[in-house]
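Engineer: Chain by chain, the residues run as shown.
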Amino acid sequence: MIWESWSAFWSMGGRGFFVWGSYGALLIAVIAELIALKRARNRALASAEDSHDA
Amino acid sequence: MTELSVSAVTIERGERPLFAPLTFSADAGALVRVTGENGAGKTTLLRALAGLTSVASGSIQWLNAPSAHYNGAKRVFIGHSNAMNESLSPYENLVFDSGVAGNSVTRVEVRAALARTGVAALIDRRVGSLSQGQKKRVALARLFLPGNETAAWLLDEPFVALDVATQALLASHIEAALAEGRIVVLTSHQRVDIRAANAIEVTLSAIKAPERLVANEAQA
Amino acid sequence: MPRTEQQSNDRFNGKWFWRYASPAAFYPVAGTIEKLCWFLAISLTIIGLYIGFFRAPTDATQGEVYRVIYIHVPAAWMAMVIYLAMAFWCAIGLAFGTRLSFMMSHALAPTGAIMAAISLWTGALWGRPTWGTYWVWDARLTSTLILFFLYVGYIALAAAFDDKKKGDRASALIALVGAVNVPIIYFSVQWWNTLHQGASVRPGGSSMATIMLTAMMIMAFAFWAYCIAVAMNRLRTQIIERERSAAWIQSSVRK
Amino acid sequence: MSLRIAAQAVFRREITLFARRKSDWANPLMFFLIVTSIFPFAVGSESERLRLIGIGVLFVGALLAAMLALPRLFDEDAKDGSLEHLLTSPEPLAVLILARVAAISLALALPLALATPAFALFYALPSEVAGILALTVVLAVPTLILIGAIASALLVAARGGAILTAVLVLPLTIPTLIFGAGAALKVLSGESPAAELALQVAYFLFALALCPLAAAAALRISTD
Chain A
27 MIWESWSAFW SMGGRGFFVW GSYGALLIAV IAELIALKRA RNRALASAED
77 SHDA
Chain B
18 MTELSVSAVT IERGERPLFA PLTFSADAGA LVRVTGENGA GKTTLLRALA
68 GLTSVASGSI QWLNAPSAHY NGAKRVFIGH SNAMNESLSP YENLVFDSGV
118 AGNSVTRVEV RAALARTGVA ALIDRRVGSL SQGQKKRVAL ARLFLPGNET
168 AAWLLDEPFV ALDVATQALL ASHIEAALAE GRIVVLTSHQ RVDIRAANAI
218 EVTLSAIKAP ERLVANEAQA
Chain C
2 MPRTEQQSND RFNGKWFWRY ASPAAFYPVA GTIEKLCWFL AISLTIIGLY
52 IGFFRAPTDA TQGEVYRVIY IHVPAAWMAM VIYLAMAFWC AIGLAFGTRL
102 SFMMSHALAP TGAIMAAISL WTGALWGRPT WGTYWVWDAR LTSTLILFFL
152 YVGYIALAAA FDDKKKGDRA SALIALVGAV NVPIIYFSVQ WWNTLHQGAS
202 VRPGGSSMAT IMLTAMMIMA FAFWAYCIAV AMNRLRTQII ERERSAAWIQ
252 SSVRK
Chain D
337 MSLRIAAQAV FRREITLFAR RKSDWANPLM FFLIVTSIFP FAVGSESERL
387 RLIGIGVLFV GALLAAMLAL PRLFDEDAKD GSLEHLLTSP EPLAVLILAR
437 VAAISLALAL PLALATPAFA LFYALPSEVA GILALTVVLA VPTLILIGAI
487 ASALLVAARG GAILTAVLVL PLTIPTLIFG AGAALKVLSG ESPAAELALQ
537 VAYFLFALAL CPLAAAAALR ISTD
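Protein chains in written order, with the working numbering: chain A, 27 to 80; chain B, 18 to 237; chain C, 2 to 256; chain D, 337 to 560.
Simulated from the structure, these hints should not be mistaken for laboratory data. Note that beta-carbon positions come from the ideal geometry of N, C-alpha and C, so glycine has one too. Incorrect hints may appear among the rest.
To be verified - Capping the alpha-carbon separation at 25 Å, the derived lysine-lysine pairs in BS3-like fashion look like this: (1) K415(D) x K166(C); (2) K358(D) x K415(D); (3) K64(A) x K165(C); (4) K165(C) x K415(D); (5) K64(A) x K36(C).
Claimed, not checked - Facing chain D, a subset of chain C residues (Cβ under 7 Å, in silico): (6) I147; (7) F149; (8) A157; (9) A161; (10) K167; (11) R170; (12) N182; (13) V183; (14) I185; (15) S189.
Same shape as in the complex, but just chain A (with noise of 0.2 Å):
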């Protein structure tokens, strides 16, 4: 372990706010792609079933 604490960890040395900001922004972006992605796949299921019954 090279951090002294947990706070010193989140801090990073004074540029938490670049290193999390850019962390935070991934993670973001990848949960936005994910309920996306299961949207269309809902959507796209449910217009299979349509098209069946039509």
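Given the coordinates of chain A, assemble chains B, C and D onto it according to the supplied hints.
Structural biologist: Showing chains B, C and D alone in chain A's frame:
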């Protein structure tokens, strides 16, 4: 002259076939009437015959060459739109039309072509200032441009916007073309009488849902 | 009615490598690849971030902020690689008319755009403490921005067609035009960049400790796995959407 | 022989249309004038400052003005149906497109290039910079129209053409922008613009070789 053979052709729009596989052939001097309900793909079929649209399967051959190749098997396609720029005169439009096809035409020749549909007097008017019927007649004059002497005619609703007298005139032109041994393919809602020794009726039935695959029979 | 399936079977029978060009045949394969890649993406991310944050030391010159490179550099790489992959599938699609290739390209594009955006965002956040400004017109950042525009253009063009098939071919063409231009744009931006300012500093630099490099490479593989997994997921959705009337989809949907 | 007739027919028609509808080239010119004259209101009127941004404003303004002419390439013909003539011609479509691009470039690049030195006065640019700027605009406008031909050919069958054209075309004009404006900047700082000019010509030739082919393929795709 031009010999047309269509075998097992399907055309798709938005990944859906428009009509069931279509097969027919036409010899020189044949009149092909394409009929079918709205949305059955009559215009699309004509565009495919003209080489403007590709087929999803099957083949269209003019003189034993695929439709997209222009090997001297000439055809003139006249669609719904008159395919003319409204800021130009009939003369300029027709010079452009035949120029693009690789023919240079003289003013006398253009005037002669326009005379065949009775609009020679309009030669220098702006197309935008003409009536619908006049525009149609100018468009039809393309059939008589030099270079199109042996071309097959592909006419999409040619009688629309024409008065009765001009309809009869066009019908007689079509009869003359057939007598010369050309193929004339035409779609029409109006039932205009055309005497043809060799008439083929091609009926397209639209495919609404993909489940309904009805084989089209081309009746000779 | 099983039009699509039959048609593709007719078309693809005979040559083994064509078999998986049929959406029906590739659908289950894509599912397997997706699962495998999710597993890889998650485990590699855990390993990479553990090494990157708990094993790699503080950088002598940049301090802690260098730790952004574990995602910045892989994202920039993926933005580039995905565009190349897209152009590849577009070329295949235009050459052979295989619908699956176009779908593959569509499946890749949004992820590529996200990777470009992530690379720009992290580049800006890294640049602020390092250069003292969020944005510099550095050659690589600028190229990534243009790459992002190319992604946006591709996605917007594909969406602008009501006829999906036309949209496939049209957007494929523009992707190829873009791919041909990418090296030229990159060169010209670099030319312009050296004209206006000195050589640029990059996250990481050349003298990276081995352990930092290791963490970054592991993260790069994690990004690869993530992108493939997401692309496979999107591909499967597209297959369902476009083949929804085919019998095999119907049976797999309602089992 | 028939190829020459066909290319000439396309070229003549465009020139006739430009001669008849003067707004087709006058409007881009007006747009160029207005865009270049509103910038000083935003940045201030000191000569030093204007000289710094002048080259960029003039160059980008000329490119944006040329963008306005892109619908002239295929949209109008697609609407009135006369695009069919190009598509059914037995001559290679790429050559016909090249003829049309040449006509439109001529009708646009010349007025824009002639206007550039005059508008350069707004920005207190020395006359040799104005001259080189006119030259690079002459090269940049055809390059943009060549690239634009691909995009407008694709968008003939799509929704939302105008904005999408800008999204697709402008990123690809960055090289010509860099080299063209770069040449003028070199002259402004008293250096030789030879390298930039050579690169701009190279990019133009590259576009000249590939764009008509790509645009022909694009037109076949979108009208299929």
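Engineer: So which of the earlier hints does this model not fit?
Structural biologist: Hints 7 and 13 not satisfied by this model.
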